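Trainee: Take the two lone chains, each set in its own frame, and fit them into one complex as the hints suggest.
Chains A and B, in that order, give the protein sequences.
The opening residue of the first sequence carries number 1 in the working numbering; numbering runs sequentially from there.
The opening residue of the second sequence carries number 184 in the working numbering; numbering runs sequentially from there.
Some hints here could point you the wrong way.
Claimed, not checked - Listed next, the stretches of chain B that the computed footprint assigns to chain A, with coverage defined by at least 3 CB atoms under 8 Å from CB atoms of chain A: (1) 187 to 197; (2) 228 to 234.
Unchecked claim - For each label pair, taking beta carbons as the anchor points, the in silico distance ranges come out as: (3) A:Met36 with B:Asn234: 47 to 55 Å; (4) A:Arg79 with B:Asn329: 55 to 63 Å; (5) B:Cys224 with A:Arg61: 29 to 37 Å; (6) B:Ser189 with A:Ala135: 24 to 32 Å; (7) B:Arg347 with A:Ala12: 16 to 24 Å; (8) A:Ala51 with B:Ala340: 58 to 66 Å; (9) A:Ala135 with B:Leu269: 43 to 51 Å; (10) A:Asp40 with B:Ala340: 14 to 22 Å; (11) A:Ala135 with B:Ala340: 49 to 57 Å; (12) B:Leu267 with A:Arg81: 27 to 35 Å; (13) B:Asn329 with A:Asp9: 54 to 62 Å; (14) B:Arg241 with A:Ile145: 28 to 36 Å; (15) A:Ala51 with B:Arg204: 14 to 22 Å; (16) B:Glu221 with A:Arg11: 48 to 56 Å.
Hints were generated in silico from the structure; no laboratory data involved.
Just so it is clear, the structure is predicted and the values come from calculations on it, not from any experiment.
Idealized CB from N, CA, C, for every residue including glycine.
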Amino acid sequence: MSLIDRLCDARALRQRIASSRDRLYKVALAWSGDAMVADDLVQETLETALAKVHQLREVERLYAWMYSIMNNCWRHYLRCRRPDCELDEEQFAADSDPEQLSGQQEIIVHVRTAIARLPVGQREVLTLVDLEGFAYQEVADILEIPIGTVMSRLSRARGFLQTALRGLRSDAVAGAGRLRRVQ
Amino acid sequence: MHDEFSDTRLHAFIDGQLHGRDRERLLAAMESDPVLAERICALQRTKAWVNLAFEDARAPQHPLPRTSGGGRWIRIFGLAASLLLLASGFLLGWLTATSPEPLQRVVLRDIEAGHQKVLLHIDRADRARFDEILDGAEHLLRTYRNQGIAVDVLANAGGVDMLRADVSPYAERIARMLRDYDNLQFVAAPIPCSGSRKRASRPC
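Extracted from the complex, chain B is given alone in its bound form (with noise of 0.2 Å):
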């Protein structure tokens, strides 16, 4: 029986860790040796039992967030178009300054109830939610335009840039959003953003 051939010896053998001299005197050893034959038969076993415990898992698909790949290119090449972009707009404003037109519905004042009214509420200068409540109102205002119903579009903190005619790259639409919904009102209300959720969350 070979006793210099230690446990942590032996597991490096089945882990593929033991190179050279080493594994070759070991897998000699194991010729002549049938208690160091078994010794690491038994710790492929284990090895195997593991292995077979978790052979068939299978993780539950979900997906995942999609965020802008290209690593440090991606994000020189987007600073660069954000300076042009910001260079452009700039001049725009610069030639345009002259003639400012702010959107004229606009209004600055708390929100009155109402029995068919619907609130919708942004806080941030978010352009995927302001689409979305965008597209949500119009669909509101075309499916239950018999009904009476009325939309206010409650802008506070970030979200008052998504109204104002100066920033917002939404200006035309609203503009003609309200051109073609008269119980369509956008509203950019003095109020905190914890006192407004807690009021549009109570039904109108």
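One chain only, chain A, in its complex shape (with noise of 0.2 Å):
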């Protein structure tokens, strides 16, 4: 490969980092449940990316490589916010009251609020699979946790998301399509 090329490919992977934001802020929220938060998340792992591309060995694992990461930055901000908290317990209590909301909006609080109520290892296995789509074997090298653990977690929080949006199939999806006359 000449080395116009490799200068290229080294730029596109550059471009392709910057602009991964969007997909990064998804799960950053997810994990974080908080915009702020999310938003610090991604700027640093950005930054971080792009000071370390480099250290790519293989290019096809870029959304890997910048979950990993990601996922360092996340720990680290757990570990400085409640040092003395087990990850895997972290909860985070929903800041928003879903009666106050309707509709499409009110879906979006209830799986969010759902969601944030899963211990942290079961959020970042599931997130990492719904979300992103990544493969069991990726999420457990993201993560650096086994396989197994991968698979157990993300069925127990399928298991705890079915039962906490049960109630929410009817009502909230009937709420969402309702057309109100305006006088």
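Mentor: Have a look at this one:
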């Protein structure tokens, strides 16, 4: 491969990193439940990735590598924030009252609230699989846990969500599509 | 009802992680087992809820630091260019060693306070920062020329290198500025960095 090709590849790689802000943000928001924390996590991840891009050996693993960086930033944040709390037991309280909302927004708040109530470990696995579509082995590599743990956490997380969202199916969805007459 | 399909296997199926014969068997079983089909449907619904909840989440946009692209090759070229520059500098220095010309008006003393004095401080050999300082000094001196303003550019620690005639890339510009503005002086200060910061933060 010529030098020019290599330089073009490096430039394209940096552009891919810079343009992955939104996809990282969704997962960061699901992990933290806080827009500002998610914003900080993503910015720190992008800056670290750009600074260390020369360390990336397999370009096809770019996003898994970036999520590993974000996981490190997230762990650091949790250690600083609640040093004595077991990470797997960490929970976040909902900051909105779903009853004040309606329709589509209500569904989103309900689901996000339910996800926020999951232990951190389950939340991480669930969002990497569902939002990013990573394979179980990739999730295990990103989070540095055994693949069996990935599967069991995923199973528990979905079991909890199925129960938590059961009431949502009829009420909220019906409300989301309802038309109202305006005087 | 097919009890041989565990929850873990069903999760693997909806996540596209079940392959080959296992996948075929599960698909076939779903056709004849409505309970199994409902379990899978419920899991897929949950997965869809999660996606829906973050579908419209958009990150605020912030600038990212500009770092040198090109990775290893750029660094190799950078190193080669640095070596070439170093060799050129060495050669130039050797050729001009017989007639060194230090900056005449760089003084080594403490800052004096004055009513219209502005103090600009540099404590590291940072060219971008020093460019800003020189631009700022010129702007002030031009804009407030008639108000009797005086500008002191204070350098300490690594910032002193910016004033040294033998290493500073700004020797020419500094000499020109000193010719153009009577109320400008460059000061190499023998005070520690923290002290200078405190002093610079006080209004003169």
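Trainee: Tell me, which hint numbers fail for this structure?
Mentor: 3, 6, 7, 8, 10, 12 and 15
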